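For reference, the chains in residue letters:
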Amino acid sequence: MEHIVKTENLVFEYRVAIEGDESAIETKAALNGVDITVSKGEFVAVLGHNGSGKSTLAKHINCLLSPTSGGMWVKGISVTDDEQLWDIRSSVGMVFQNPDNQIIATIVEEDVAFGPENLGVMPAEIRQRVDDALLSVGMEKYAENPPHHLSGGQKQRVAIAGILAMRPDIIVLDEPTAMLDPIGRREVMRVVKKLNSEGITIIFITHYMDEAAQADRIIVMEEGKVVMEGTPAMVFEQIEPLKAIGLDVPQVAEIADGLRRAGVALPQGILSVEHLVEEICRLK
Amino acid sequence: MSIKIENLTHIYSKGSPFEKKALDNVNITIEKGEFIGLIGHTGSGKSTLIQHLNVLLRPETGSIIIDGENIGADKSRLKAIRSKVGLVFQYPEHQLFEMTIFKDVAFGPSNMGISAEETKKRVEDALEIVGISPDIYEKSPFELSGGQKRRVAIAGVLAMKPEVLVLDEPTAGLDPRGRDEILGRIKDMHEKLNLTVILVSHSMEDIARLVDRIFVINHGKIALSGKPAEIFAQIEALEEIGLASTQTAYVAKSLQEAGFMLPDGIYTPEHIVEEILKEVNKC
Chain A
1018 MEHIVKTENL VFEYRVAIEG DESAIETKAA LNGVDITVSK GEFVAVLGHN GSGKSTLAKH
1078 INCLLSPTSG GMWVKGISVT DDEQLWDIRS SVGMVFQNPD NQIIATIVEE DVAFGPENLG
1138 VMPAEIRQRV DDALLSVGME KYAENPPHHL SGGQKQRVAI AGILAMRPDI IVLDEPTAML
1198 DPIGRREVMR VVKKLNSEGI TIIFITHYMD EAAQADRIIV MEEGKVVMEG TPAMVFEQIE
1258 PLKAIGLDVP QVAEIADGLR RAGVALPQGI LSVEHLVEEI CRLK
Chain B
19 MSIKIENLTH IYSKGSPFEK KALDNVNITI EKGEFIGLIG HTGSGKSTLI QHLNVLLRPE
79 TGSIIIDGEN IGADKSRLKA IRSKVGLVFQ YPEHQLFEMT IFKDVAFGPS NMGISAEETK
139 KRVEDALEIV GISPDIYEKS PFELSGGQKR RVAIAGVLAM KPEVLVLDEP TAGLDPRGRD
199 EILGRIKDMH EKLNLTVILV SHSMEDIARL VDRIFVINHG KIALSGKPAE IFAQIEALEE
259 IGLASTQTAY VAKSLQEAGF MLPDGIYTPE HIVEEILKEV NKC
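Chains A and B are the protein sequences, given in the same order. My numbering applies: residue 1018 is where the first sequence begins, and numbers increase by one. My numbering applies: residue 19 is where the second sequence begins, and numbers increase by one.
Chain A on its own, in the form it takes in the complex (with noise of 0.2 Å):
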């Protein structure tokens, strides 16, 4: 299949000061050689706890960060040629973990013209843009409105609508739900699926494993480096190493192992409910 997003042994070291000693400088690697490959069309979770380099990974993918070492490149182009910085750019959307960090006009289809707007498109084309986009978000019945009476995932969704408007090819989520409630962690997980179903390749960094458990692949980063890479039922199944790192797995998973630890047969990569369920009704 066709890569998208590629790294070959990515670095990005930062320097910072030394408590006390104001001359010296201490060098520390964010991400300490990370492979990576995400495949077009591709949906990926990227877990791991604050620190593990995550973040950093993500602002790679539209180069607001460029690699200390090692390579990346973003639809075959590399994230190193300042000439086609741009191109990277607008083929690749974010959305943070703030809603209202994100929002920055006074109605929400003015806040969703802002990124073709400023990529020089025509008028006209916007206003199909800023319609489709809203629309594909579900926030069509808002345009008008102001965007600071709407809820947090109706937020979220506009600052997605934001992204679709530039018709990016990757979106990379930056932890888009951490801030909803559990109406709006639906909604934004909803629209997430819809967009990946039609065709753009998703990034998608997490701290709620039931997120996690919907994408096609997870990745697990822990002090800058790839330690766990697989398919949901794959990675939740190492339920130990992921816990020594401070993560959880879906309850589902924890349930499925305290039985299988007991003795009973049980297959691996039980991720659903209603496949234990049917995996325990067998047993009797």
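By construction, these hints were calculated from the structure, which means they are not laboratory data. Incorrect hints may appear among the rest.
[What the hints assert, rightly or not] Quick list of the computed label-pair ranges, beta carbon to beta carbon: (1) A:Q1285 to B:K296: 22 to 30 Å; (2) A:E1157 to B:S163: 38 to 46 Å; (3) A:L1152 to B:G86: 30 to 38 Å; (4) B:K22 to A:E1043: 52 to 60 Å; (5) B:I253 to A:K1210: 20 to 28 Å; (6) B:G202 to A:E1025: 37 to 45 Å; (7) B:G164 to A:E1025: 25 to 33 Å; (8) B:Q274 to A:L1152: 35 to 43 Å.
All of these numbers come straight from a predicted model, not from anything done at the bench. Positions of the beta carbon are idealized from the N, C-alpha and C atoms, including for glycine.
Fit chain B to the supplied structure of chain A, relying on the hints for placement.
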């Protein structure tokens, strides 16, 4: 110290076109030392309710009785009541402002007119229970990690020695490790300081692990109340108001429907594993 809320109703912007009933005849009794979970989605009225508990909002209709005293009746008593009920807002780390961790935590007690010596002791005690070690007391709170900042902010409230601690979404935005750390510390506070704790959360899993009793609030009304086992068993009722039970509760329900003889009210993975094993081993 018991809390008794009777017929509490609150209407925002009363008499204007934006009038909104945020609380609608709420009745709750909380005993001293209880650990309470308050669940409801955004806009359900839970923040309005907790703002009443330390009289940031005064009861307009109905009453709140804390330790036999009707709060909000006598304005001169507000300060005393507010020092009994500590409120930790959402993202409390946004309220940090001092130059050092120590000074930030000391701000509350110093303002209450407490002696420097007593303040020092309170600050040390509060920081100890939230797990901040003395060697970083003189650091700026802004140099800490998100979870640490939040624990310092909670210490600031603890240093006022409240008898009731109300926490609004204390785990929002934290990673699993930061979340476990905070919840563990809150459990300690409840047990060691014998505090009455009211924990507001969206996370059923968090609530399930900690609390004695749950109130579910919806459209300004108490929709459900009871022990965790009773609440988590009511899957349909929870879903109707846009919430969900724990994944374990769903597994338990499906197994019961498939003819497994499981007891009601299972909501933790450990418990269901035990019960399934009993059933499976019978065969």
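Comparing the hints with the structure gives:
no. : hint                          : result
1   : A:Q1285 to B:K296: 22 to 30 Å : 24 Å, holds
2   : A:E1157 to B:S163: 38 to 46 Å : 40 Å, holds
3   : A:L1152 to B:G86: 30 to 38 Å  : 58 Å, violated
4   : B:K22 to A:E1043: 52 to 60 Å  : 56 Å, holds
5   : B:I253 to A:K1210: 20 to 28 Å : 23 Å, holds
6   : B:G202 to A:E1025: 37 to 45 Å : 40 Å, holds
7   : B:G164 to A:E1025: 25 to 33 Å : 32 Å, holds
8   : B:Q274 to A:L1152: 35 to 43 Å : 42 Å, holds
Violated hint for the displayed structure: number 3, the only one.
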